[in-house]
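There are 2 protein chains.
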Amino acid sequence: MPPVNLKRLAQELNLSIASVSRALQDSHEVSSQTKERVRALATALNYQPHAYASSLRRNLSKTIGVVIPKVANHFFALAINGIEEVARQSGFQVLISLTHDDYAREVSIIQHMKGGRVDGLLMSVASGTEDFAHIKSLRESNIPIVFFDRVCAEVSTAKVTTNDYESAFQATEHLIQAGCRRIAHLLISNNLSIGQFRQQGYRDALLAHGCDVDPTLILHGVMDNEQNVALIRDLLLRRPDIDGVFASVERLAISTYRVCKELGRTIPDDIKVIGFSNLEAASMLDPPLSTVTQPAYDIGREAAKILLRALEKKKAILPSQSQVLKSELFQRQSTAAAPAR
Amino acid sequence: MPPVNLKRLAQELNLSIASVSRALQDSHEVSSQTKERVRALATALNYQPHAYASSLRRNLSKTIGVVIPKVANHFFALAINGIEEVARQSGFQVLISLTHDDYAREVSIIQHMKGGRVDGLLMSVASGTEDFAHIKSLRESNIPIVFFDRVCAEVSTAKVTTNDYESAFQATEHLIQAGCRRIAHLLISNNLSIGQFRQQGYRDALLAHGCDVDPTLILHGVMDNEQNVALIRDLLLRRPDIDGVFASVERLAISTYRVCKELGRTIPDDIKVIGFSNLEAASMLDPPLSTVTQPAYDIGREAAKILLRALEKKKAILPSQSQVLKSELFQRQSTAAAPAR
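Which chain is which? The protein sequence lines are A and B, in order.
Heads up: the first sequence runs through residues 1 to 341, numbered per this note's numbering.
Heads up: the second sequence runs through residues 1 to 341, numbered per this note's numbering.
Everything hinted at is true.
Covered stretches of chain A, going by a simulated chain B footprint (3 or more residues, C-beta under 8 Å):
1) 34–40
2) 284–296
Calculated from the model, a selection of chain B residues having no Cβ within reach of chain A, i.e. all distances over 12 Å:
3) C152
4) I176
5) A178
6) L207
7) H220
8) A230
9) L237
10) D241
11) K305
12) Q321
13) Q331
14) A336
No lab work stands behind these hints, which were simulated from the structure alone.
Built from N, CA and C at the ideal position, the CB exists for glycine as well.
Work out the full structure, taking the sequences as your base and the hints as a guide.
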């Protein structure tokens with residue numbers, strides 16, 4: 001077999017050496033169809049240009065993958081918009097894959113993404129994920145990754161998050177200042193650092209204000225919303241002294257609204273509710289929902305910027321490029337204090 | 001150049017002919033790395049097996065693409081869940097790409113998807129799309145497509161839609177029966193058949209009940225929600241006689257709520273509102289929003305079933321496999337008739 005060089009690629013494809021070279025450099029002078037043929041053959045024959053083997057390989061697809069739990073959540077919908085804005089400016093395509101918060105699906109998606117479909121990944125980890133070997137394996141495949149929101153602490157790369165501990169502390173403090181004494185905390189996952197930070201903020205705010213931390217007031221939600229409604233109903237019936245609810249995810253706040261309506265518990269008079277949420281309609285709910293709102297668009301944008309800079313400059317991503325953005329607390333009627341008597 | 005056959009592929013790749021053959025048949029006896037090299041070379045050299053060229057090519061990636069306008073819309077979030085349920089059962093991966101209702105982005109995504117990334121496509125057309133050559137070009141690439149919700153009338157394939165004309169007729173009739181006489185219709189796109197069907201249903205319901213069709217009451221929304229709020233504000237200020245709003249998409253109904261709140265117009269006393277929506281929180285809005293709710297999950301599931309059946313049986317998709325599912329009208333307080341005096 002002759003050696004695999006530009007000349008051989010050109011012969012096999014019946015193209016000029018110059019065209020093959022231009023195609024491999026992604027020149028606009030070459031049709032995308034020709035580029036595809038050249039790249040495919042280069043991959044198939046394991047063509048290695050002198051120094052830039054891995055970086056060229058990286059630049060083959062001009063595609064980034066986004067692996068997230070779900071899209072029926074305004075946080076992720078907005079984060080995707082931020083990601084796509086940055087990707088579009090750099091001429092990158094975005095392919096989105098959903099884990100549905102399921103570990104097995106996440107593993108399968110990562111395997112699939114490794115198959116040369118993407119140059120790099122932006123990822124928010126599934127709440128069901130407890131083992132991170134599949135994510136670590138990306139390094140061997142030379143696929144850089146930036147985490148956003150739900151990060152994997154064990155993988156050394158850049159992470160774009162929000163100040164979850166402080167936000168949860170503030171939300172809980174806000175309920176206490178509005179007069180709540182028995183505050184339930186609803187969360188989804190305990191595995192990820194994000195859930196731990198939020199729960200710790202809740203606990204510390206209670207302690208800072210001289211309230212006990214009662215573990216029976218901490219409810220672990222599940223994937224299915226109907227089941228969550230049943231769990232919250234049980235909690236509120238078993239503990240009629242609950243006068244505040246801090247939901248760590250949007251859909252648990254909405255489920256709490258459903259249960260309160262069903263049980264005839266008035267928000268905010270009987271129970272005050274605050275939740276992490278990017279729901280555009282939060283201010284139009286009955287009553288308007290107080291929220292901790294993450295800068296979702298900016299999170300997506302910053303994460304994409306870090307990844308694309310690394311891909312374009314062929315440089316490694318450093319943990320020191322991590323960013324922590326600030327969430328904002330919006331006080332609305334769902335946490336209004338009773339008027340002074 | 002020797003002919004491109006199994007033997008030549010085997011020689012070039014330094015593999016046995018049997019391994020190449022197994023790799024092309026996606027056998028589990030061959031490593032995924034080897035499969036990729038074989039497939040890439042087969043593509044690069046335009047290798048054509050005897051009879052099954054296109055169907056074999058189709059079965060290479062076990063991936064379907066979903067091309068939709070956006071995810072910040074509960075209809076699409078639910079439809080994706082239906083699609084993924086079916087895909088998972090068949091062992092297919094799902095890659096999602098968003099057009100943001102932009103024609104140029106849609107063209108670029110289709111080009112990208114044609115590059116061997118997917119075996120077939122499920123698609124809901126961007127509202128900005130007026131030319132369909134990019135979609136028609138999928139046929140030449142042997143990538144089958146099934147449309148759902150927003151279909152392209154000019155492309156002959158299966159389509160899964162809902163009874164948009166009847167639903168729009170019913171929604172408008174519902175407003176008339178609740179006492180409305182000046183009903184505005186808010187829509188996004190005029191290009192797609194879905195928008196035309198809904199507008200026709202609105203017009204015909206007005207005529208059937210002896211009301212005039214006033215074109216100045218038909219508002220064409222845009223992509224940006226803030227701009228839509230301004231447009232709706234202008235409309236309601238210019239036409240204080242408007243007593244009903246029929247929004248053909250969810251976000252225009254939400255924008256109408258915002259404007260009514262801002263202008264101090266009470267829903268349903270001053271203006272009644274109904275909209276197409278899959279918003280889970282519709283019943284928790286202030287007031288609860290009457291909706292036309294599409295069976296989004298089922299739409300996604302049925303569209304995916306048609307596509308996967310075609311891929312697995314290597315058969316063409318026929319327009320006769322199209323399905324029309326029924327939407328449901330939920331009457332809530334936003335369209336409540338004034339109590340009889």
